[in-house]
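Enquirer: As they're listed, the protein sequences go chains A and B. Per this note's numbering, the first sequence starts with residue 1463, numbered consecutively. Per this note's numbering, the second sequence starts with residue 1463, numbered consecutively.
Since the hints were made in silico from the structure, they are not lab data. Watch out, some of these pointers could steer you wrong.
Examples of chain B residues lying across from chain A (beta carbon under 7 Å, computed) [said to hold, decoys possible]:
id, residue
1, 1657
2, 1689
3, 1730
4, 1767
5, 1768
6, 1771
7, 1778
Ideal placement from N, C-alpha and C gives every residue a C-beta, glycine not left out.
Protein chains: 2
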Amino acid sequence: MADRPKRVEFREEGPREGFQIEKTVYPLDQRVQLVEALAETGLRHIQVASFVSPKHVPQMADSEALFAAIRRKPGVHYAGLWLNEQGFARARATPGVDLAGKISLYASDAFARKNNGCSAEEMAQRQRRWLELYAEAGLTPDFAIVMAAFGCNYEGDIPAERVVKLARYARDICAGRGERLRQFFLADTMGWANPEQVRRLVGEVRNAIPEVRIGLHLHDTRGLGAANVLAALEMGVDLFDSSVAGLGGCPFAAHGDAGAAGNICTEDMVFMCHEMGIETGIDLEALVECARLAERIIGRRLNGHVMHAGTLAKYRAGRKEAA
Amino acid sequence: MADRPKRVEFREEGPREGFQIEKTVYPLDQRVQLVEALAETGLRHIQVASFVSPKHVPQMADSEALFAAIRRKPGVHYAGLWLNEQGFARARATPGVDLAGKISLYASDAFARKNNGCSAEEMAQRQRRWLELYAEAGLTPDFAIVMAAFGCNYEGDIPAERVVKLARYARDICAGRGERLRQFFLADTMGWANPEQVRRLVGEVRNAIPEVRIGLHLHDTRGLGAANVLAALEMGVDLFDSSVAGLGGCPFAAHGDAGAAGNICTEDMVFMCHEMGIETGIDLEALVECARLAERIIGRRLNGHVMHAGTLAKYRAGRKEAA
Chain A
1463 MADRPKRVEF REEGPREGFQ IEKTVYPLDQ RVQLVEALAE TGLRHIQVAS FVSPKHVPQM
1523 ADSEALFAAI RRKPGVHYAG LWLNEQGFAR ARATPGVDLA GKISLYASDA FARKNNGCSA
1583 EEMAQRQRRW LELYAEAGLT PDFAIVMAAF GCNYEGDIPA ERVVKLARYA RDICAGRGER
1643 LRQFFLADTM GWANPEQVRR LVGEVRNAIP EVRIGLHLHD TRGLGAANVL AALEMGVDLF
1703 DSSVAGLGGC PFAAHGDAGA AGNICTEDMV FMCHEMGIET GIDLEALVEC ARLAERIIGR
1763 RLNGHVMHAG TLAKYRAGRK EAA
Chain B
1463 MADRPKRVEF REEGPREGFQ IEKTVYPLDQ RVQLVEALAE TGLRHIQVAS FVSPKHVPQM
1523 ADSEALFAAI RRKPGVHYAG LWLNEQGFAR ARATPGVDLA GKISLYASDA FARKNNGCSA
1583 EEMAQRQRRW LELYAEAGLT PDFAIVMAAF GCNYEGDIPA ERVVKLARYA RDICAGRGER
1643 LRQFFLADTM GWANPEQVRR LVGEVRNAIP EVRIGLHLHD TRGLGAANVL AALEMGVDLF
1703 DSSVAGLGGC PFAAHGDAGA AGNICTEDMV FMCHEMGIET GIDLEALVEC ARLAERIIGR
1763 RLNGHVMHAG TLAKYRAGRK EAA
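Chain A with its partners taken away, still in its complex shape (with noise of 0.2 Å):
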């Protein structure tokens, strides 16, 4: 409790990681108005959309589109997302991203190969690569993220020390170049996660590298998301990946079930730090309406908890004015 953060920061996912795994293309129009509505909540980073091959992921094949539509808003980062350079390349010409140099490795290695089409050697090798033209083109190491890092559906548990090595690996590869690494997101891409392992792996990873500041990226797969949050935020974890409504999960990830591969939900996380007196930044009833949009968009239920039971706000109003 005493590592507990005064103020925790969501880094919104939602539009790309809810957007991929349905198997409608939705319109333009409408994943525009919702990235507009995320910027107006307080979000200051939305994950727009993924460069990644049309072919595998056809809902994503107009991201160059996408980011052209999008009124931008100061203060806002619009992130998007690539697995290679080709996917990087494509995010450096299309105006309206804003780039951050990320360093993508993998804590399976059958995973890469579904998600990356090479090995967790050869990809993270290919990260010294990218660094280099992450400096042509002006940017700085901002994160590395572990993919698979609790679990993997292909590979089974993976140990702490494998993840442990990657996160030396991606501080070390920065400090090679005298270069720092800001951030190091531990993603729990398949939903293995329990708190125990939480608390465990992101004490031995700040143990590890203590100068970088660690995220979490979690999946409400298995009905654990809260409670790992929370293990998180009691570890001093406060840096999230999170989507509106509960959106979300990796097609590649081979999840049973769809509807149950989505992201921790921002709208219920925000909630719970509120409650928790824990700032976010984030304006809840407008996100709560963004979720709700979300909704309509999606045209079924989606698992977000507060959209559809609404926060504590009226009820407490409603006290007030009876007092």
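Since the structure of chain A is provided, determine the placement of chain B on it from the hints.
Expert: Coordinates of chain B only, in the frame set by chain A:
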């Protein structure tokens, strides 16, 4: 963490909580099938049905027939719920109901009037009479429960002192008869609890009645159910009410959306405990099958996560075969 229990007990509420909130009255044989399947999972306490007004809760009009139809498994407690003397008389007259001396209290006066048709104070006073009735039936006080202990859709925030006072009251009216209250449940009837509040309220109640085992009855209305369980585990709480597939919700709690009203989900919380190395005595795979059975009966997607994503066992088994 030092306080975390080695073993946790779940009291299954799905058959009662789950079916009372649905608009449909489901066929008796399907509800019997669910109760019988739950009894095979290792669950030792199953709340089968309530003995309340069939006018207000028509789904529970056939509680006697339900109890009569169940093939009992030795060692399992088949509980019924009552909210007044007539209800207890019905339960007592029904073969197959495992009676337990239960004290019912309200932290919210407004909710007492909605749910019980009397004030919270009147309800508290009635408990003295209930204890007499229990003694006549040969029962000792088994547990007390305080409804709306964490907040109320009618009254707003609930002061902790009010709950602590009710805890002392429950203990003292038992002690006044030379009896010992065994368990004290805090019920988050309307999904207001957050992990920090769970920690504080459990701590305050334990300080007030250290000799009584504390249980929690939680709802996942706003997505914090798993986090609230984790906070409670870390306070040493080892007793939870929960519902298979996350069924449930009180019909008089003014939930924004019935689908969001569900209890914490038994199999998701059993999964969390097992992943954290905490025993439950429950066969998780069998319980997941019960959740899927409940979903087939109800006929729409239910809130449980593990029931849709599957446990991690098959992935781990696959790795062992491959190794």
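Enquirer: In ascending order, which of the hints set out earlier in this document are inconsistent with the structure?
Expert: none
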